[in-house]
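S.K.: Residue numbers (the numbering used here), protein chains in the order written: chain B, 5 to 424; chain F, 609 to 751.
Hints listed in this document are in silico derivations from the structure and should not be mistaken for laboratory results.
Virtual Cβ for every residue (Gly too), placed ideally from N, Cα, C.
Incorrect hints may have been included.
Claimed, not checked - Computed footprint of chain B on chain F; a stretch qualifies when at least three of its residues, placed anywhere within it, have a C-beta under 8 Å from a C-beta of chain B:
no., region
1, 612-623
2, 714-724
What the hints assert, rightly or not - Below 27 Å or equal to it, Euclidean Cα-Cα: the simulated DSS-like pairs (lysine-lysine) are:
no., chain 1, residue 1, chain 2, residue 2
3, F, K706, F, K640
4, B, K62, F, K616
5, F, K616, F, K626
6, F, K696, F, K616
7, F, K696, B, K62
8, F, K696, F, K626
9, B, K412, B, K396
10, F, K696, F, K658
11, F, K706, B, K62
12, F, K664, F, K696
13, F, K664, F, K616
14, F, K696, F, K706
15, B, K56, F, K658
16, F, K626, F, K706
17, F, K640, F, K696
18, B, K56, F, K706
19, F, K706, F, K616
20, F, K640, F, K658
21, F, K664, F, K706
22, B, K187, F, K647
23, F, K626, F, K664
24, B, K62, F, K640
25, F, K658, B, K62
26, F, K640, F, K664
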Amino acid sequence: MAATEAHQAIEAVFRIEQAKLIAGLARMVRDVGLAEELAQDALVTALAEWPKTGVPDKPGAWLMATAKRRAIDIFRRFKMVERKHAEIGRELDETAGSDLEVIEAALDDDVGDELLSLIFTACHPVLPPEARAALTLRLIGGLTTDEIARAFLAAEPSIAQRIVRAKKTLGEAGLAYEVPRGKERDARLPSVLGVIYLIFNEGYAATAGEDLVRPALCMEAQRLGRILTGLMPDEPEVFGLLALMEIQASRLAARTGPDGAFVPITEQNRARWDQLLIRRGLAALTRAEALGGADGPYVLQAALAACHARARKAEDTDWKKIVSLYDTLRTVMPSPVVDLNRAIANSMAFGPEAGLTELGAIEQVAALQDYAPLPAAKGDFLFRAGRFADAKAQFERAAALTRNEREKAFLLGRAGACGG
Amino acid sequence: MRVMVFVKATEDSEEGIKPTAETAEMFVAMGKFNEELVKAGIMLAGDGLKPSSQGKRVAFDGPSRTVIDGPFAETRELVAGYWLWEVKDMAEAVEWVKRCPNPMLGPSEIEIRPLYEMADLAEAMPPEATEIHDRVRGQTKGK
Chain B
5 MAATEAHQAI EAVFRIEQAK LIAGLARMVR DVGLAEELAQ DALVTALAEW PKTGVPDKPG
65 AWLMATAKRR AIDIFRRFKM VERKHAEIGR ELDETAGSDL EVIEAALDDD VGDELLSLIF
125 TACHPVLPPE ARAALTLRLI GGLTTDEIAR AFLAAEPSIA QRIVRAKKTL GEAGLAYEVP
185 RGKERDARLP SVLGVIYLIF NEGYAATAGE DLVRPALCME AQRLGRILTG LMPDEPEVFG
245 LLALMEIQAS RLAARTGPDG AFVPITEQNR ARWDQLLIRR GLAALTRAEA LGGADGPYVL
305 QAALAACHAR ARKAEDTDWK KIVSLYDTLR TVMPSPVVDL NRAIANSMAF GPEAGLTELG
365 AIEQVAALQD YAPLPAAKGD FLFRAGRFAD AKAQFERAAA LTRNEREKAF LLGRAGACGG
Chain F
609 MRVMVFVKAT EDSEEGIKPT AETAEMFVAM GKFNEELVKA GIMLAGDGLK PSSQGKRVAF
669 DGPSRTVIDG PFAETRELVA GYWLWEVKDM AEAVEWVKRC PNPMLGPSEI EIRPLYEMAD
729 LAEAMPPEAT EIHDRVRGQT KGK
């Protein structure tokens with residue numbers, strides 16, 4: 005095997021094992037930062053040894069055993085006097101000698117729990133939201149800081165610093181590395197789902213820059229969502245989030261034209277929608293509803309996305325059902341953005357004047373003063389009502405507000421179509 | 609990237625599923641592997657195929673269409689099952705395939721093939737062809 009090919013194979017093994025490895029180590033040494041370092045050290049050792057010896061039969065167990073031995077070295081070298089560290093050292097000692105079979109069996113037993121605890125830790129409310137996203141991508145997604153930096157259009161050192169700071173915060177918080185149960189789990193699950201959806205949206209809606217979508221981020225978020233459904237098979241909102249992401253991602257190819265321009269949902273070529281992802285999304289939605297979660301915010305948003313996915317042609321869209329789903333969503337997740345989306349659906353169901361009437365109150369909301377989708381929607385209603393000069397002004401205002409270049413071009417195009 | 613992973617047929621698989629202890633064991637092992645794939649978030653779809661004796665082929669030559677009944681020769685080139693995975697790269701797909709339990713009783717092969725992505729097609733296809741292609745794939749075309 006060529007050296008580069010061997011390295012690729014080792015990196016692939018590591019990508020598959022990394023999250024489990026860090027999760028298991030974090031539980032043992034009670035420190036995410038140290039756990040990640042130990043995992044990295046094990047990778048370095050593998051890169052040195054495996055090209056000579058070949059990839060071992062149980063690579064996950066091999067990496068874990070190597071990392072544990074290193075942990076023991078570190079604890080001994082620093083002659084940890086604290087009781088906690090002494091205890092950890094003893095626990096590690098007891099298992100380090102066992103063979104790979106035993107370690108692998110132990111890994112299999114706890115891996116779900118440990119991975120879930122790592123996810124909850126990375127998404128811990130003590131961290132700022134962007135730090136949660138970066139840390140989740142790093143620890144569970146296995147992305148490099150460089151990849152994360154590119155995905156968020158940030159400089160690599162600032163992402164690296166964000167991750168370092170996050171790990172330090174977690175270390176100082178003295179967390180238990182356990183999966184929260186009962187009420188605490190209910191309280192913290194929204195943060196986990198929020199982080200995954202933030203990652204998805206950063207890819208899907210690309211808040212800034214030239215590309216309308218960065219599919220790699222969407223794919224990563226979908227993968228995290230799928231992993232989470234495996235770890236929490238009884239949580240309807242977990243399936244709701246997955247359904248929402250799968251259905252939205254089914255439109256990725258149709259959302260941009262051949263020249264990269266933005267294409268709105270009613271004008272997308274539905275033949276380009278990914279039917280496999282739609283089927284997977286609808287199945288996840290059915291599961292969420294069967295678990296009794298029909299009124300959860302993510303399940304409702306998935307149900308909304310499903311209304312579009314089920315319509316073979318734009319004209320077949322059940323806008324009245326969409327309006328009623330937004331009504332329910334407004335009660336569980338009150339937000340002016342939801343109100344705006346309801347107004348858009350209402351205009352599609354009952355005409356542009358109905359939409360314009362509903363916009364009146366929404367326009368007073370301070371939080372939406374610089375929100376590009378608001379004038380964009382108003383422009384659309386006015387355009388459909390035949391008030392082209394007013395529509396033009398709204399589209400121009402929306403274009404000035406958006407930070408996405410593709411969206412700006414689309415909105416300026418609509419302004420241009422108003423004549424005058 | 610998406611890859612299609614083909615489990616190639618053998619003389620055994622072409623005879624259909626036999627209710628033996630070995631087969632049962634294989635199903636359990638394969639079930640566990642599938643669970644791993646789902647847990648890792650890479651599995652999009654997968655199924656086993658019935659023997660080619662229950663399949664048909666349609667041969668194309670200019671305007672002619674000839675239907676051929678199975679079973680088909682070249683057993684080892686036939687497909688007995690497939691997965692559709694979403695992985696980061698080919699190396700990851702290879703690593704996952706290596707972890708698959710023996711899919712057949714005797715020696716057998718699994719083949720990994722990357723799917724064309726939109727970007728690959730965009731370069732090769734003129735816009736008219738893309739449009740026709742879309743129409744064929746989706747039965748009804750949006751505006």
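S.K.: Taking the hints in turn, state whether each one holds.
M.R.: Now the hints, each set against the structure:
For the region 612-623 of chain F, the assignment as covered by chain B is violated, since 0 residues bring a beta-carbon within under 8 Å of that chain's beta-carbons and 3 are needed. Against chain B, the region 714-724 of chain F contributes 0 residues with a C-beta closer than 8 Å to a partner C-beta. That does not satisfy the three-residue criterion, and the hint is violated. Distance hint between K706 of chain F and K640 of chain F is fulfilled; the C-alpha atoms sit about 14 Å from each other, no more than 27 Å. Straight-line distance between C-alpha atoms of K62 of chain B and K616 of chain F comes to about 25 Å, which keeps the hinted pair within the 27 Å bound.
The hinted pair formed by K616 of chain F and K626 of chain F meets the criterion: a straight-line CA distance of about 18 Å does not exceed 27 Å. At roughly 24 Å between alpha-carbon atoms, K696 of chain F and K616 of chain F fall within 27 Å of each other, so this suggested pair holds. Straight-line distance between C-alpha atoms of K696 of chain F and K62 of chain B comes to about 21 Å, which keeps the hinted pair within the 27 Å bound. About 36 Å separates the Cα atoms of K696 of chain F and K626 of chain F, which puts this hinted pair outside 27 Å; it is violated.
Of the supplied pair hints, the one linking K412 of chain B and K396 of chain B holds, its CA atoms being roughly 14 Å apart against a limit of 27 Å. Annotation: proposed proximity of K696 of chain F to K658 of chain F is violated, straight-line Cα distance about 30 Å (limit 27 Å). For the suggested pair K706 of chain F and K62 of chain B, the alpha carbons sit about 11 Å apart, so the restraint of at most 27 Å is met. As the CA atoms of K664 of chain F and K696 of chain F are separated by approximately 35 Å, the hinted pair breaks the 27 Å bound.
Restraint check for K664 of chain F and K616 of chain F: the C-alpha separation of about 17 Å stays at or below 27 Å, so the hint holds. Of the supplied pair hints, the one linking K696 of chain F and K706 of chain F holds, its CA atoms being roughly 16 Å apart against a limit of 27 Å. A threshold of 27 Å between alpha carbons decides the hint, and for K56 of chain B with K658 of chain F the separation of about 42 Å lies outside it, so the pair is violated. For the proposed pair K626 of chain F and K706 of chain F, the alpha carbon gap of about 25 Å is at most 27 Å, so the pair holds.
Annotation: proposed proximity of K640 of chain F to K696 of chain F holds, straight-line Cα distance about 22 Å (limit 27 Å). Using a Cα cut-off of 27 Å, the hinted pair K56 of chain B and K706 of chain F holds, with the two alpha carbons roughly 19 Å apart. For the hint linking K706 of chain F to K616 of chain F, the alpha-carbon distance of about 15 Å falls within 27 Å, and the restraint holds. In summary, the hint linking K640 of chain F to K658 of chain F is supported, as the alpha carbons are separated by about 21 Å, within the 27 Å threshold.
With a CA separation close to 31 Å, the supplied pair K664 of chain F and K706 of chain F exceeds the 27 Å bound. For a cut-off of 27 Å, the pair hint linking K187 of chain B to K647 of chain F stands: about 25 Å separates their Cα positions. Straight-line distance between C-alpha atoms of K626 of chain F and K664 of chain F comes to about 23 Å, which keeps the hinted pair within the 27 Å bound. Proximity of K62 of chain B to K640 of chain F is assessed by CA-CA distance (about 16 Å); at most 27 Å being required, the pair is judged to hold.
With a C-alpha separation of about 33 Å, the suggested pairing of K658 of chain F with K62 of chain B is violated against the 27 Å cut-off. Taken as a hint, the K640 of chain F and K664 of chain F pair is broken in the structure, with Cα atoms around 32 Å apart against an allowance of 27 Å.
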